[in-house]
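Sequence lines, in order, name chains G and Z.
Here UniProt numbering is used: the first sequence runs in plain steps of one and ends on residue 687.
Here UniProt numbering is used: the second sequence runs in plain steps of one and ends on residue 116.
Treat the hints as calculated values from the structure; they're not laboratory data.
The structure displayed is predicted, hence computed values, not measured ones.
Note that beta-carbon positions come from the ideal geometry of N, C-alpha and C, so glycine has one too.
If you want the footprint, here are the derived chain Z segments under chain G, 3+ residues with CB under 8 Å:
(1) 31 to 41
(2) 51 to 64
(3) 92 to 100
(4) 107 to 114
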Amino acid sequence: MARDLWSLVLIFLFFSACAATTFRPISDGHRSAASELFVPIDGSYGSLEDTYEALRTVQILKIDRNIDINPHTCPVVSEILEDSSSQTKDVYYALGVNSILGCHIDSGIYEAVISRLQSVIKGAKSLYDFYYSIKGLLVIKDQGISVVLEDAGDAFHSIKALSQSGGRWRFSSNDAESSTYAAGLALEALAGVVSLADSDIDQSMIGIVKNDIRKLFDSIESYDDGALYFDEKFDAEHQSPLSTSASVVRGLTAFAAVTSGRLKIPGDEILGLANFFLSIGIPGTTKDFYNQIESLVCLEDNRLAVPLILSLPTAVLSSTSNDQLKVKVTTVLGSDSPPLTVKLVQASRLDSKSSPVLAHQELKFDPESSFHSLDILPTSMDVGKYLFVFEISLHDPEHKHVCATGGQIQAFIYYTGLIKIESAEIAVLDSDVDAVETKQNLDLSKDNVVSLSADHLQKIILSFQLTTPLGHAFKPHQVFLKLRHETKVEHIFVLKNSGKLFEIKLDLLALVEKFYYLSGKYDIELAVGDISMENSFLKSLGHIDLQLPEPSEKASHPPVPLLDPYSQFGPKPEISHIFRAPEKRPPQELSYAFLAAALLPFLGFLIGLMRLGVNLKNFPSAALPATFSILFHAGIAGVLILYLLFWLKLDLFTTLKFLSFLGIFLVFAGHRTLSQHASASAKQKSA
Amino acid sequence: MVKSSGSDDARALIRSLRVAYSATPTTLKIIDLYVCFAVLTALIQAVYMGMVGSFPFNSFLSGELSCIGTAVLAVCLRIQVNKENKEFKDLPLERAFADFVLCNLVLHLVIMNFLG
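Take these sequences, add in the hints, and give me the full structure.
Here it is in structure tokens:
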């Protein structure tokens, strides 16, 4: 018991220690998807931003552009660059597009753009102004035109002034909320300032920014498969985790490239970010595609740590074709890795607790195909699902500082094989004594044409054995027996196993109800299927003639077979909701007329009182009795007002609470008033 | 002849009733007036209900019962206050009035709860 517990704990620790699973690097699948996604319409990709992102993605993936978009795009680019009132963002994207397309722009225009961007930086208030103008200057500088940022220290300070706690940035000084996406933009802008500066930036400021970056990495989030990403805490700009992570990666790698000294970011975190971008697979939108590819190209060659990705060409190995275990280690974009050795730490079956089938094997490297392979899989390996754990060790100790390999890497592998099917037989038994009436052997490697007959007092038994190539019991994912009547009414039964033996006993007496008392010919089909079973099959076994009793009156009728079996997936008939019709209300005028009529008796009551000559002469005149009398009447009025409030808004409990106070007061005042009144009238009488 | 004497009789009867009623104390007359007021109001509500239907029924019931309830309570008050009713001779006027007020307050608490 204690040993089991310990092994459970060890397995748990093992799984939590090496959470990284395998991802595939960028491959031809990406390239063909990109060439379908980035297609210019009428010789243009749309806006300049879209054009730049499309051109940049296509450039990174080294896809040939079949359509020349220059005639359509270059006039737009030169128009934006010549117009002195165009937005900084447009200018940056125009410069970016121009750097890829190579439009003919006069050097005079560059000079004007440089001075315009310089003045934007001097007066910039928001992070976007800094970002786009500095990036624009960088693009011009990359084209071989000398650009020097004056007052680089001031620009650095102004951008740094927007930083917040936790390594995040604000978009402008008016913004209350800080953003991770903005942090990426800011880092990229700061890196641009450093590379454009005419003199060195204060090293202490750079040290502070490096500290900010470390704080930013405290907020990194993770998926279970080992992928790490950044997410926006305050989603004011509606940035997805992909665009946020992409922004941070661009900023981080740019900043690391221009500053001396190492940034202390663990290689595993860089690898986790690379895994995140690769785990997306092939994105569906151009924006996501650009973000993914641009981030990966930043990670492909960065000064922090170059992530190396271990991938498997196939997750299925067949025992019949003696497949080799092959893995490939590449960079994120699929180029070759530095010399290294891949070790198989261990391989173990997922569904058993037995010891690993393989441990501590070194994979052989084939320089031609650049695959690491393991020739011989052990003969003790049976079919099933396996967990392989790999480890990468670099040959050159220098590379250990440059590359991130991410410790132990898990991969799930299916080992498939041919499953032996033996002693298959089908029999009809007499119910009361279980005596075999007819019995036929089956060969499940091909279709059978068994012909049986049975009545409702008999039983049908189907049994067979499944064994793995190594002779162990095998339990497939699906084992179904299907009986189909001539009228296409189907019945499906699941076969249970005990060890190797699969058996089903159909007691026809108990099933007549389920069979809708339908006598006649039933086709028998058997389906056995599993992912690691290479000879999964759906075979016809023949047919059986059933003689079932006549249906009783109460018996349910067989369902009508659907004309179109797919119609059940079609839209359901619309449900129309029935609401209670509102009560008929009288016309408003009538109700108002009756309100007035209901007040008429009260008017009559008042007139009648006047006719009777009612007066208030008996109202006490002395100060104290008069006060109590007034209080008594005020109390009654108070209770009535409370009732009105109860009707309009109060609930019963609040009303009762107030009523208890008012009631006590009313009883007191009423008692005083009425007893004074009584004594006064008694005096009058006696007098 | 018989007819005219019948109408004269009726007139004489009403006159004698009026004379007898004019001897009733003013306090009782006030109560009578109040009862008439309450019953008339109840009648008007019933007529309204007959014309437009009983929805919302709880509101109709509470309005109706409020009038009839106060009318009944006022009749009870009148019985207790009337000096000719010997069995209530020992009961002071003030006590009867206090009962009347208390009962009315309780009745209307229920009415308000039911009004909806």
